[in-house]
Amino acid sequence: MTTEILLAGFGGQGVLFAGKILAYCGLMDNKEISWLPSYGPEMRGGTANCSVCISDDPIGSPLILTPDILIAMNQPSFDKFVDAVKPNGKMFIDSTLIDSKCERTDVECYYIPSSQLAEENELKGGSNIILLGKLIKETNIFTLDTVKKAIEKVVPPSKAHLIENNLKAIDIGMNN
Amino acid sequence: MERNLMKGNEALAEAAIRAGCKCFFGYPITPQTELAAYMAKRMHKAGGVFLQAESEIAAVNMVLGAASTGVRAMTSSSSPGVSLKSEGISYLAGSDLPAVIINVQRGGPGLGGIQPSQADYWQATKALGHGDFHLLVYAPASVQEMVDMVTTAFDRADKYRIPAMILADGLLGQMMEPVSFPEISINDYDKSSWAADGHKNKREHHIINSLYLKPDELQKSVYERFERYEKVKAEETDAELYLTEDCDILLCAYGATARVVKSAVNSAREIGIKAGMFRPKTLWPFPVKEVNEAVKNAKCLLDVEMSMGQMIDDVKLAINCSKPVHFFGRTGGVIPTPAEILEEIKKVGGAE
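As you go down the protein sequences, you meet chains A and B in turn. Going by my numbering, the residue at position 163 of the first sequence is 150; the numbering climbs one at a time, nothing skipped. With the second sequence counted from 1, adding 1286 to any position gets you my numbering.
Just chain B, same shape as in the assembly (with noise of 0.2 Å):
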C-alpha cells in the first residue's frame, strides 16, 4: 500500500473524508488548525461541506444540526474550545445522536498554552458536559492510528448512536509520519426510525430532542442509554499490552505519552528490568480487562501521562488498587522523555 507522509490533523481530515464525513464546522486553534484547512481545500471536492462558523459553540450546533439528519458530521478543536463545545456536546448525547469530535489537547486550565498536553482525560471521559452520559473515547498514539480510528469513531457512533471523540494532542497533531489509507467499507446504518431528514407527509416527522420534562421519562431514556453503555462496554474495549507476559513493573500511558513510554521500556529491558507496557486504544470504554491482564504477574504499576495524573484513577479503579500505582507526569506542554521515565523505572522497579 502507498505510504505517504502527514500531518497528524491532516491524517484525521483525510481519513474521515474518506470514512464518509459529509459536513465539518470548525474554527480555528492551534494546535488542530491544519485539521480544519485541509478541509476547507478538500471538503467541497469530495461533495461535502465545510464551514469555518463564528465559534466553537456555533459550530458543535451546527454539527448537532446536520447529525440529526443522518448524514455522518465532525467538528475539531483544541481544549479551551473543546470545553466551549461541551454543552453541545450533551445535548448531541442527549438526543442519541452520532457525531466525531476531535481535540488536539493543549496545556490548560485557562488559555493554557499551546504545547502538547493530555490534562483533558478527565474531561473527555468522565464529563464532556453536563448529566448522565459518555462519550466513545479513541486514543491514537500515532498518525496511522489516527486514520484508523476516526474510520472506527464514524461506524461505532452510527452504530451505537452515541458520540465519539478522538483525544489526540498537538504532538500527534503537528508531527509527519508515514501513512496509508486502506480501501474501507462503510457500513450503511438504518436511520430510517429516526433522521429528520425530510418525510414529504408520508410518515409521522421524527423528532430530535433532550428535553424531558416528566422525571420518569428522562430517567427511562437515561436508562436505555445505559443499556447501550453496557454493551459497548462488554465490546468495545481495546488496548495494546507490550512485554506484559512476564513483567515486573506494568506501565500504563496512552497517546503520544505511549511512544516515549515504549522507548523507556525497551532501555528498561536492555539493563535487565522486567517492563511492559499497557496502552489504553480506548479511554471510555477503559480496557478493564486487558489491564488486569497485563497486570496478573507484574509488582506494581507506573503510570506516566502529560498531567498531573487523571488516567490513573481509571487505572486504580480497574485492578481495585490490588497493587501500588506511582505516577510520574509533565504537565503544561512539557514532554516527559525517555530517560527521566526509565530513572522513574528504576526507582520503582527497586533496581539500581
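The following block holds chain A by itself, in its conformation from the complex (with noise of 0.2 Å):
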C-alpha cells in the first residue's frame, strides 16, 4: 500500500518540515519513503508544497499530482490542490487562514484553526505541526510514538529545545 501526502502552504509555514516529520515516521517504521520539495523561486514568499510518499514497496515517482491526503495551509494551495485530492481522501485545512469550505462530497475535510491556536498557545510557527497532530490522529498512519521518535531526530541538536514546543503543538492537533 502507498500513501501520497502533500503539503502545501506558504514558503516559511514550515511545509517542508511537516513533511520531513512525515518522511521520519515512514523511516522509523522501516517503510519505503520518498520526501520530494518544491523548489525554485516560489519557496521564497511564495507558495511551497512538498511531496511525501510512505509505501510498502519501492516507489515510483515521487512527484505527487493526486494525494491521498492534503494539508493546506493557503488559500492558494487549497484552490490550487482542492480537486487534485483522491476520492476517499483526506483533507486538513487551515481554517484560520482558509475562508472557503470543499464542496465535494467524495473526501473528508477537517477544519481546524490551527494559526490561531498556535497563538493563544505561544507556538510560533507551530500551525504546521498543529495540522500533523490532527492527520495522525485521524488516520492513524503513525503511532504517537513514532511520530515522538521522529520529531526527536528531525529537530537538530542545537534547537533540542524546540521539540517539546512541537510535541505540545501534535498533542493540540489531536486534541482539537
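Rather than coming from a laboratory, the hints here were simulated on the basis of the structure. Treat the hints with care, since some could be wrong.
Here are the simulated DSS-like pairs of lysine-lysine, each with C-alpha atoms no more than 25 Å apart in a straight line [unchecked claim]: (1) 73/A - 1632/B; (2) 1331/B - 146/A; (3) 1327/B - 140/A.
These numbers were taken from a predicted model, which means no experiment stands behind them.
With the hints as a guide, dock the two chains, each given alone in a separate frame, to form the complex.
Written out as C-alpha cells, the structure is:
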C-alpha cells in the first residue's frame, strides 16, 4: 500500500519541515519513503509544497499529482489542490487562513484553526505541526510514539529545546 | 545497516568523501547547490579541501590541477554550468586524468529552467567538449544508487584514467530517500608512473599535458585511449532489466524517468499488457548486449525521456533498428506521469 501526502502553504510556514517529520516516521517504521520539495523562486515568499510518499513497496515517481491526503495551509494552496485529492481522500485545512469550504462530497475535510491555536498557545510557527497532529489522529498512519521519535530525530541538536514545543503542537492537533 | 534520510545532492557529496575524494571545487547553481553546501560543511572535517571557485571554468581547472597530483578530485554543477566546464573536461580527457564530474540536470537550452530534465544526454555521452574522447557516464535512479555510483565512478576513473560523470537530474538531487552507506574498500591504484606529485630530483619529472603538435604523436595518443575505451565497452556496461523475459513491449528509460516508467509498466501488467523495462545504468558505455537481451521477445520499443528524444538514438543503434522504436518525452522541466506513459503503452502496444 502507498499513501501519498501533499503539504502546501506559503514559504516559511514549515510545510517542508512537517513533511520531513512524516518521512522520518516512515523511516522509523521501516517503510519505503520519498520526500520531494518544490524548489525554486516560489520557496521565497510564494507557495511551497512538499510530496511525501509512504509505502510498503519501492516508490516510483516521488512527485504527487493526486494525493490521498492534503494539508493546506493557505488559500492559494487550497484553491490549487482541492480538486486534485483522490476520492475518499482526506484534507486538513487551516481554517484561520482559509475561508473557503470544500464543496466536494467524496473527500473528508477537517477544518482546524491551526494558526489561531498556535498563537493562543504561544507556539509561534507551530500551525504546521498542529495540522500534522490532527492528520495523525484522523488517519492513524503512525503511532504517537513513532511521531515522537521522528520529531526527536528531525529537530537539530542545536534546537533541541524546540522538541517540547513540537510535541505540544502535536498534542493540540490531536485534541482539536 | 542504518538507514538515513538524505537528499540526493547530499548523498552524492557524502559518498564522494567516503570514496576518498580529497578536493572539491564548485560553484553554486540550482538544483545542485546542496551538494556544494554539504561539501563546505563536511570536507575540511574529513581532511580535504572545499573551495568555491570564482566560476565553473575555474572550478574544473582546479580539478585538473588536483587530479594531476593523483588525488581524487570532483566538481559538480547543473546543465549551464556543465557547458562552461566542457573545455576543462576535454583537457582532463586529453591528459588522461581521473576525476568525477556531477551534472544534476535542469531544463535547457541556454539558462533554460531549474526543474528536472534529461536534455544533456547527448552532451554527456557524445560531446562533452571538443575532440575524440568519451567520459564514463553513470545514470542513477535513486538516492541509494547515487551513493553506489559515486563509489564506482571514482574507482573506474582511476582504473582507466578516464574522467567519469554522474548524470543525475533535479528530481533525484532534491528528493530525500532512505539511504545507507555500505563499508567500502577503496582500491589503491598505483599512480607513481604519471602523477605530478613532487620528485625531489629522484626521478624524471612527470608532465601532464594534452598538447601534441605532431599529428602522428597525437594520433598515437588517441589510438591508445580508444584501446582503453574498447576494454571499458567490454567490461563496464550495466543495466537493469525489469520484466523483460516475456515482454511484448519494451520500455527504455534511465534515471528519474525510469521510476515513473516502472510504475507505468506495473499498471500495464495489471491490465494484461506484457510490458517490460530496460534501464541503462551506464550511458557510456551503452549497454548494447543488455538491451538486445531485453528486447529479444518484444515486438516494439517505447523510449521515454525528459527530453525531445536523445537516448533513443543509442537504443536504435544498439538494436540496429531491427524493431520499431517509439518515443514519448516531456521537456523543459515537465515530469512525465505514469498515467500518460500508460496511455502511450496502450497506443503503441496495440492493446485497447
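Pair hint outcome, residue 1327/B versus residue 140/A [Cα-Cα no greater than 25 Å]: 20 Å, holds
Restraint status (C-alpha distance of residue 73/A to residue 1632/B at most 25 Å): Holds, at roughly 24 Å.
Residue 1331/B paired with residue 146/A [C-alpha distance capped at 25 Å]: 22 Å, holds
Of the numbered hints given earlier, the model fails none.
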